[in-house]
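If you read the protein sequences in the order shown, they are chains B and Y.
With our numbering, you'll find the first sequence wraps up at 251, consecutive numbering, no jumps.
With our numbering, you'll find the second sequence wraps up at 251, consecutive numbering, no jumps.
All clues given are correct.
The list treats identical chains as interchangeable, and a pair is accepted whether it falls inside one copy or across any two copies.
Calculated pairs, SDA-like style, for lysine to any residue (alpha carbon to alpha carbon, straight line, at most 20 Å): (1) K38 <-> E5; (2) K2 <-> G226; (3) K2 <-> R31; (4) K38 <-> C26; (5) K181 <-> R241; (6) K2 <-> L24; (7) K186 <-> P122; (8) K2 <-> C26; (9) K77 <-> N119; (10) K2 <-> R225; (11) K178 <-> E232; (12) K195 <-> G160; (13) K74 <-> F248; (14) K2 <-> D217; (15) K2 <-> L37; (16) K195 <-> D78; (17) K195 <-> G121; (18) K181 <-> D116.
In case anyone wonders, no lab produced these hints; they're calculated from the structure.
Given next are the chains, with one letter for each unit.
Protein chains: 2
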Amino acid sequence: MKRLEIIGLSDLGEVVKGASIANLLCQACERAQISLLKNDVLVVAHKIVSKAEGQILRLDSVQPSDRAVELAQKLGKDPSLLEIILRESRRIIRTGGGTIIVETHHGFICANAGVDLSNVGPGYVALLPRDPDRSARKIRREIEQLTGIAPAVIISDSFGRPWRMGTVDVAVGVSGLKPVKDERGKTDRYGYELKASVSAIADEMASAAELVMGKTDGVPVAIVRGYEIENEEGSARELVRPEATDLFRQF
Amino acid sequence: MKRLEIIGLSDLGEVVKGASIANLLCQACERAQISLLKNDVLVVAHKIVSKAEGQILRLDSVQPSDRAVELAQKLGKDPSLLEIILRESRRIIRTGGGTIIVETHHGFICANAGVDLSNVGPGYVALLPRDPDRSARKIRREIEQLTGIAPAVIISDSFGRPWRMGTVDVAVGVSGLKPVKDERGKTDRYGYELKASVSAIADEMASAAELVMGKTDGVPVAIVRGYEIENEEGSARELVRPEATDLFRQF
Chain B
1 MKRLEIIGLS DLGEVVKGAS IANLLCQACE RAQISLLKND VLVVAHKIVS
51 KAEGQILRLD SVQPSDRAVE LAQKLGKDPS LLEIILRESR RIIRTGGGTI
101 IVETHHGFIC ANAGVDLSNV GPGYVALLPR DPDRSARKIR REIEQLTGIA
151 PAVIISDSFG RPWRMGTVDV AVGVSGLKPV KDERGKTDRY GYELKASVSA
201 IADEMASAAE LVMGKTDGVP VAIVRGYEIE NEEGSARELV RPEATDLFRQ
251 F
Chain Y
1 MKRLEIIGLS DLGEVVKGAS IANLLCQACE RAQISLLKND VLVVAHKIVS
51 KAEGQILRLD SVQPSDRAVE LAQKLGKDPS LLEIILRESR RIIRTGGGTI
101 IVETHHGFIC ANAGVDLSNV GPGYVALLPR DPDRSARKIR REIEQLTGIA
151 PAVIISDSFG RPWRMGTVDV AVGVSGLKPV KDERGKTDRY GYELKASVSA
201 IADEMASAAE LVMGKTDGVP VAIVRGYEIE NEEGSARELV RPEATDLFRQ
251 F
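Chain B on its own, in the form it takes in the complex:
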């Protein structure tokens, strides 16, 4: 019988700039009497990674450009917030209804370039980590140094979707895991060759983790235990659809 466990880790304490997420995480595991296993996948909310990496900005530390002021007015948002969003963006995909959807410098298409006002304190915003794959690799390597075990690591964020209500958590950084599981070419139980079976398993794990992490519960890490991962290095960039094959990029 296939069985997964999703275990939330709380009480990591306040994460300050320069903190080692790996250290805090291992200490939280110890307090919870959990030993990490080789096949574990650690899903880490990007917010604490951004804090540790100093990717936190004071809103009043930026000078809004004319373009930011204009967009802010149109969208009913803070001009400084708009300025930060624009700096984090490669291009604007769409605006309307108080929402701005952009392509970030990483290539992610999401609202507000992932710039987030919650859980950082009044007057501050959290940016996405500059290179979330690198952040994931660093956490993985440091955990290995501390414990001898190198679990896979996913950095997660909550993304909205076209056509569907609500956000789901997805992977913005990955290490120690291929984020897509490609079953094309395998046959089903009737001998039919699967043609479209590529599952975004890292996104599914991030979503599974969100069910224990929530938004207000102080659970910034979850362990996904029991999935047979192939121990290959991967990148969250594999989850970004190349523009040439994307039916929803040309506007």
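Please arrange chain Y on chain B, whose structure you already have, making use of the hints.
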């Protein structure tokens, strides 16, 4: 410590038209020595629901219209398949690169109107259930009659996404569960009032379940155990973004 379990149920046997999914599911639980709990959420792959409901068509049973033939040629697909996709659709959203994205009669925007060639046998296709919420309610009610326990039920399918590679499983039918968790108005640990925190938890549960279900593993049901659901009735239609608030409907 928050902890979820995702338990895959296999060996339901071949599902034929008229079969009771609830019966097969309860028998599989018995064989696996699992007692259902009140807060369990059962994620059921739509494919077996479609089989039980007779939502299976022979490709050669339909006569392709001129429009279907033309689109099939353009997309390199079978004209009969296109005819079935068109019949299942309210309108075409986009075509290209061998892909057709439509809005189904239910309001879901997805590839091929959810019409699927895998795991149904050669020459056949599976349609989505006609009313997946009703299917979920029926399974839930029958399980309650059999066991005295009324777990929540999600009917799932694998949907592709704009901008991101791979599919993730989402909820197309729901019963016994509010599919979105609205935390707007709650405050974070700094007193910031959350403005955009609506999580599509039914989609996240469907995705979590896919991790044990896979595409070729013969695991059509998974139990999500340990989530504190509010015992209210819900509908997968709550997951469909109203056209007026959707930035990606106007083409």
